[in-house]
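Chain residues, written in single-letter form:
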Amino acid sequence: DQQVKQNSPSLSVQEGRISILNCDYTNSMFDYFLWYKKYPAEGPTFLISISSIKDKNEDGRFTVFLNKSAKHLSLHIVPSQPGDSAVYFCAANAGGTSYGKLTFGQGTILTVHP
Amino acid sequence: GAVVSQHPSWVICKSGTSVKIECRSLDFQATTMFWYRQFPKQSLMLMATSNEGSKATYEQGVEKDKFLINHASLTLSTLTVTSAHPEDSSFYICSAEQGNTIYFGEGSWLTVV
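These protein sequence lines are chains A and W, in that order. Start counting at 1 in the first sequence, then tack on 449, and there's your number in our numbering. Start counting at 1 in the second sequence, then tack on 43, and there's your number in our numbering.
Derived from the structure by calculation, the hints contain no laboratory data. One or more hints might be untrue.
Stated by the list, open to error - So the derived label-pair ranges between C-beta atoms look like this:
1) 119/W with 546/A: 21 to 31 Å
2) 57/W with 531/A: 26 to 36 Å
3) 111/W with 450/A: 32 to 42 Å
4) 467/A with 59/W: 26 to 36 Å
5) 502/A with 59/W: 18 to 28 Å
6) 113/W with 466/A: 45 to 55 Å
7) 143/W with 509/A: 12 to 22 Å
8) 115/W with 460/A: 14 to 24 Å
Cβ coordinates follow ideal geometry from the N, Cα and C atoms, glycine included.
Pulled out of the complex, with its shape left as it was, chain A reads as follows (with noise of 0.2 Å):
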């Protein structure tokens, strides 16, 4: 049972454009998500976060929305660079629980084109 869902297994955007990476959940026992990226042959890097009790979270070129009552939260990055191109990761952790108990999307690809 996937409780944390990337549908799209890979997107492609053209530098300076927006990239939209989105997320679904199941497991109504999650309050505080996460957003990881990935290179190759390197661990997962911390990207930015939310809680349940926020709908939106900025940081830089990266925003996450929550979308609470449909389960769904997505990542935004404007403008999208060359050097964003790697598999972003959607985590969730249910409260009560360790930070570090993490449920993880299949992740999506994310490809910049100069």
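For chain A, the structure is supplied; the task is to place chain W on it using the hints.
Frame of chain A, contents of chain W only:
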């Protein structure tokens, strides 16, 4: 910044043998570490929570006798895949908790032939 290192990055072993993967927090102490596994085209799946000085907590469906976890110090957790079989071939990755921040290792590719 904080770094978590895994070793080896790649390992090939024969079916029936055991293989050990190390996860080290290089510049901080981690009382809690986590082990994940990722099969091709699937998501990272949590296998177990490794607690320093105590037994690991395994997720449902993960065989504790097959995947031995030892967290003997505040900077080292090891995962031993015992009696490995080809279906154990996967990408294994650890993470370490520092406060409310999680740092991941680089991952280890295991191929069982």
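Checklist entry - Holds or violated: 14 to 24 Å for the Cβ distance of residue 115/W and residue 460/A? => result Given about 43 Å between the Cβ atoms, the range is violated.
Item to check | Cβ distance range 12 to 22 Å for residue 143/W and residue 509/A, holds or violated | outcome: holds (20 Å)
Checklist entry - Is the gap between the beta carbons of residue 111/W and residue 450/A within 32 to 42 Å? => result This hint is violated: roughly 27 Å between Cβ atoms.
Item to check | Range hint 26 to 36 Å (beta carbons of residue 57/W and residue 531/A) holds or violated | outcome: violated (42 Å)
Checklist entry - Is the gap between the beta carbons of residue 502/A and residue 59/W within 18 to 28 Å? => result At 51 Å between Cβs, range violated.
Next on the checklist: I want to verify a distance hint. Is the separation of the beta carbons of residue 467/A and residue 59/W within 26 to 36 Å?
Outcome noted: For residue 467/A and residue 59/W the Cβ distance comes to about 52 Å; the hint is violated.
Checklist entry - Would you say the C-beta atoms of residue 119/W and residue 546/A sit inside 21 to 31 Å of each other? => result Holds: the Cβ-Cβ distance is about 24 Å, inside 21 to 31 Å.
Next on the checklist: If I claimed the Cβ atoms of residue 113/W and residue 466/A lie 45 to 55 Å apart, would that claim hold in this structure?
Outcome noted: holds (48 Å)
Against the hints set out earlier in the document, violations occur for numbers 2, 3, 4, 5 and 8.
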